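Please model the entire structure based on the sequences and the hints provided.
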Amino acid sequence: MKAVIMTAVGEPDVLQFQEVPDPKIQSATEILVRLKAAGINPIDTKLRSRGTFYPDQMPAILGCDGAGIVEAIGSEVEKFQVGDAVYFCNGGLGGDYGNYAELTVIDEKFATLKPQSLSFIEAAASPLVLITAWEALYDRGRLQPGQKVLIHGGAGGVGHVAIQLAKLQGAEVATTVSSAENGAFVQELGADFVINYKATDFVEKVLEWTQGEGVDLAFDTVGKEVFYQTVLAVKNYGDLVSILEPDPKLGTLKEARLRNLRMSLELMLTPMLQARINDQVDQAKILQQCARLMDEGKLKILVNQTFPLAAASVAHKVLEAGVTRGKLVLTME
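When the letters of the sequence shown are read in order and numbered with numbering that gives the first Met the number 0, they come out as residues 0 to 332.
These aren't lab readings, by the way, just hints derived from the structure by calculation.
Any given hint could be a false lead.
As the list claims (entries may be wrong) - Below 30 Å or equal to it, Euclidean Cα-Cα: the simulated DSSO-like pairs (lysine-lysine) are:
{"hint": "1", "residue 1": "Lys45", "residue 2": "Lys78"}
{"hint": "2", "residue 1": "Lys223", "residue 2": "Lys45"}
{"hint": "3", "residue 1": "Lys204", "residue 2": "Lys223"}
{"hint": "4", "residue 1": "Lys1", "residue 2": "Lys78"}
{"hint": "5", "residue 1": "Lys248", "residue 2": "Lys166"}
{"hint": "6", "residue 1": "Lys284", "residue 2": "Lys166"}
{"hint": "7", "residue 1": "Lys248", "residue 2": "Lys197"}
Computed from a predicted structure; not experimentally measured.
In structure tokens:
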């Protein structure tokens, strides 16, 4: 098969388009998937530039998100048949096969049927951001109907999904964006209050929106100084969830403690990294629920740009240059 191989740690040119052996089904519950598309996520560029989680298993095939058609099944597979269209978040961390390839093998427990209303490209763009936003808002943040939530980077991959999931939960949503165009986009998704963080102080605007009280829940997708600034936008006894590790050199948690904030970290890769099979199964169930919402027209994914598989290095350059809206996807056709 053709695949994109990460030959070393470094710049995008370490991603090489090559012929490699086809993956084989190794256990009775695995399925062989002919990939039609693979989502590109910031974790991919970080692994390429800093090293994978399994440095002793180089070269590596990156890409956690995939969508394709089941081409073969193990002898004990029950969920799928040959010809089924599936999508999933699995592999791509430097250990198991990733999805920057024409074929991959995955245990049936970790895949789910592709939403019928989505193309393979849209489906491949979806899993990691869907699971991240779902876990952050519903599991970590315990978002309830009627609450006010602040979502940073509302036009981004995770952010634009988070807005929709928050609205589906009956919350009021404020979100930060970098431009008027992105502001119009997030309003189409249902955002109630849009803040251009380049033109104004988002904390001041949030406090105005909440009559000085602060939001019930803030979802930080940016990190760095923004994490500590966001503390000031959350009400006492509220929640702050971040997908990035707070940098202690950039601030302290004194104000968060004074406000009695409940603080949570979200890393949807934990089940894969720790081989927590039951948690991986739970994430597949999240994708099942999201597929239903998508087919009901209640949830959508924006694909900003697509690239042929051979152009993965170009896609990485585009992502690192700063894509501010939606997702990037590699296609195998």
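Hint check:
1. Lys45 x Lys78: Violated, at roughly 33 Å.
2. Lys223 x Lys45: 16 Å, holds
3. Lys204 x Lys223: 20 Å, holds
4. Lys1 x Lys78: OK: Lys1 and Lys78 at ~27 Å, within 30 Å.
5. Lys248 x Lys166: 35 Å, violated
6. Lys284 x Lys166: With a Cα-Cα distance of about 20 Å, the restraint between Lys284 and Lys166 holds, given a limit of 30 Å.
7. Lys248 x Lys197: 23 Å, holds
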